[in-house]
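Which chain is which? The protein sequence lines are A and B, in order. Take 52 as the starting number for the first sequence in our numbering and just add one per residue. Take 6 as the starting number for the second sequence in our numbering and just add one per residue.
Incorrect hints may have been included.
Unchecked claim - Examples of chain B residues lying across from chain A (beta carbon under 8 Å, computed): (1) TRP15; (2) MET16; (3) TRP18; (4) MET20; (5) GLY22; (6) LEU23; (7) ASN37; (8) LEU38; (9) ILE40; (10) HIS56; (11) VAL110; (12) GLU120; (13) PHE127; (14) ILE132.
Hints in this document: simulated from the structure, not taken from any laboratory. Note that the Cβ used here is the ideal one computed from N, Cα and C, for glycine as well.
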Amino acid sequence: MPFFRIRSLLLAGSLALAASACVTINIYFPAAAAEKAADRIIDEVWQTHENQPPQAAPAEQGAGQ
Amino acid sequence: MNARHGVPGWMRWLMAGLLGCMMAFAVQAQGNLEIDTPAISALKSSMQKRHGQLAPLYASGAIGLAADGSIALRDASAVPLAQRGSVNALVAAENADRSALYREVARANQHPEWEADVRSTFAQRWIDRAPAGWWVQRGGSWVKK
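Bound conformation, chain A alone (with noise of 0.2 Å):
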């Protein structure tokens, strides 16, 4: 039966196609998910328990310059 193969062929392929892009997706770095990692490491090696960094003006320092 030509027609019944062609379709498990087709099938085939797409899972195969499937498989790969699984691959492909786990290959790459995620650079988002390290700099978090990097942030909660550095958070607790240097003990700044914040997440922003410190650029994020501080509001207590009204009379400072």
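Add chain B to chain A, keeping to what the hints say.
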């Protein structure tokens, strides 16, 4: 034929399952990196303890955060002669821990080849997050934040 409908249906379920697994995998890969391993915890606490000694050296400008994710002695004259040996040892120990940390983060995520990417991500974050007054390396030269 009876089999004509049976086989593609089964295949369709398999594909749906695979697609679901793939998406879950993708979400996990993008969401978080694994950093809760015994090796990483040990490195973190070792670096945290050392930071008490390093903090005044960052503030005085004796050492700075290098562009490659390490730290470097940038102004030896800011350190009294008698202490230079111990400062050099501190810098070397910190850099050994940092290198091990980058390697362990890559390994904990089953991608040892990510080590260089992990290192450059950390390099950027150490520099971005350094408080004002610390020295950081940008474009090959030292700048005071």
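We went through each hint and held it up to the structure:
Because the beta carbon of TRP15 (chain B) sits about 10 Å from the nearest beta carbon in chain A, more than 8 Å, this interface hint is broken. For MET16 (chain B), the shortest C-beta to C-beta distance to chain A is roughly 5 Å, which falls under 8 Å, so the interface hint holds. With 8 Å as the threshold, the beta carbon of TRP18 (chain B) stays out of range of chain A, its nearest partner Cβ sitting at about 11 Å, so the hint is violated. A cut of 8 Å between beta carbons decides the hint on MET20 (chain B): the least distance to chain A is about 6 Å, and the hint holds.
Because the closest C-beta pair between GLY22 (chain B) and chain A is about 10 Å apart, greater than 8 Å, the hint is violated. Because the closest C-beta pair between LEU23 (chain B) and chain A is about 5 Å apart, less than 8 Å, the hint holds. A distance limit of 8 Å between C-beta atoms decides the matter here; for ASN37 (chain B) the minimum to chain A is near 6 Å, and the interface restraint holds. Interface hint status for LEU38 (chain B): upheld, as the beta-carbon distance to the closest one in chain A is roughly 4 Å, under 8 Å.
For ILE40 (chain B), the shortest C-beta to C-beta distance to chain A is roughly 5 Å, which falls under 8 Å, so the interface hint holds. Nearest Cβ of chain A to the Cβ of HIS56 (chain B): about 6 Å, under the 8 Å cut. The hint holds. For VAL110 (chain B), the interface hint holds, since its Cβ comes within 8 Å of a Cβ in chain A; the closest pair sits about 7 Å apart. The restraint placing GLU120 (chain B) at the interface with chain A is violated, with a minimum CB-CB distance near 10 Å, outside the 8 Å limit.
With a least beta-carbon distance of about 5 Å to chain A, the hint placing PHE127 (chain B) at the interface is held under the 8 Å criterion. Taking 8 Å as the C-beta contact cut-off toward chain A, the hint placing ILE132 (chain B) at the interface is violated, the least distance being around 10 Å.
Of the numbered hints given earlier, the model fails hints 1, 3, 5, 12, 14; all others are met.
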